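Chains as they are written, first to last, in the working numbering: chain A, -5 to 95; chain B, 5 to 154.
Fair warning: there could be bad hints in the mix.
[To be verified] Distance condition first, Cα-Cα at most 20 Å in a straight line; then the derived DMTMM-like pairs of lysine to aspartate or glutamate:
(1) B/Lys76 to A/Glu29
(2) B/Lys76 to B/Asp121
(3) B/Lys76 to B/Glu66
(4) B/Lys76 to A/Asp39
[Stated by the list, open to error] Partial chain A-side listing against chain B, Cβ under 7 Å, derived:
(5) Ile3
(6) Ala12
(7) Arg25
(8) Pro28
(9) Ser41
(10) Phe43
(11) Ala73
(12) Arg74
(13) Ala81
(14) Ala85
(15) Ala91
Derived by calculation from the structure, the hints in this document are not laboratory data. Predicted, not measured: the structure shown is a model, and the values here were computed from it. C-beta: ideal position from N, C-alpha, C; glycine also.
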Amino acid sequence: MRRAEAAGICAAFAAAAALVAYAIQRVVERRYFPEPNPALLIWTDSSAFFWRAGVSLYAAGLGAFGGLVLARRSPRSAARGLPWLIAGATAAILAQAALSP
Amino acid sequence: MSLEALQRIALLHGITAWIAVAALILAAAALLRRGASPPALRLAAVAAALIAIAGAQGALLEEGYRSRLRQKLFLQAPDLGWLFERKLHLAFAAIVLASGGLGALWAARSGDPASRDDLARAAKIAATASAALALAAAVASVIVARHTRF
Chain A
-5 MRRAEAAGIC AAFAAAAALV AYAIQRVVER RYFPEPNPAL LIWTDSSAFF
45 WRAGVSLYAA GLGAFGGLVL ARRSPRSAAR GLPWLIAGAT AAILAQAALS
95 P
Chain B
5 MSLEALQRIA LLHGITAWIA VAALILAAAA LLRRGASPPA LRLAAVAAAL
55 IAIAGAQGAL LEEGYRSRLR QKLFLQAPDL GWLFERKLHL AFAAIVLASG
105 GLGALWAARS GDPASRDDLA RAAKIAATAS AALALAAAVA SVIVARHTRF
């Protein structure tokens, strides 16, 4: 497998992993670690959004490695699964944004 | 950051975001019509760069939003507050999908012919989703900005 193809597949797997991680984080946050009512919260020194984005980027790195391993072992499987992965990750983030903003 | 600086960055962020939305829509259209072609790849790269720049500008505004606007927004119009929270999620997703779609498109152009169709399909899904989410985020921002701004 050529390096450019592997890099592209890694980026796509990374994107899917980042989206799924973000959606899971937000759902867990809202369900188990609810923040105070934003209408009553004057200020907070930490940004939940930046934390979620940072953790999602970490998960993206994991996804990239996973994608690379799969692409090296079975390029056809990696390519065949990618559209489903991207569609599934998009559906996950849409469901999270709609139901658990 | 001063209020004036926030206002300037917010204006720039709005302009960049809408240009990025247009670029994403063009890139998705080019991909859907012409497949994994060089013009589609160039458009996708430009669109991904623009949405990333818009995201970086938004990141600069986040602290100002959190300290100056968020409580006010939720007190006056909680529905708009939650709409803006949704906008943040959609904007993040749009940026990530634009990058992922570009990666899939790059792989489709460079890769083995047996995988090309699947990779191009992944790129089309990512590009279309990114354009749609970016548009939704931009519209949500305009709705909220009409009520509350720096």
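Going through the hints against the structure:
no.	hint	in the structure
1	B/Lys76 to A/Glu29	holds (17 Å)
2	B/Lys76 to B/Asp121	violated (49 Å)
3	B/Lys76 to B/Glu66	holds (15 Å)
4	B/Lys76 to A/Asp39	holds (17 Å)
5	Ile3	holds (5 Å)
6	Ala12	holds (5 Å)
7	Arg25	violated (15 Å)
8	Pro28	violated (13 Å)
9	Ser41	holds (6 Å)
10	Phe43	holds (6 Å)
11	Ala73	holds (3 Å)
12	Arg74	holds (5 Å)
13	Ala81	holds (5 Å)
14	Ala85	violated (9 Å)
15	Ala91	holds (4 Å)
When held up to the earlier numbered hints, the structure conflicts with 2, 7, 8, 14 and fits the remainder.
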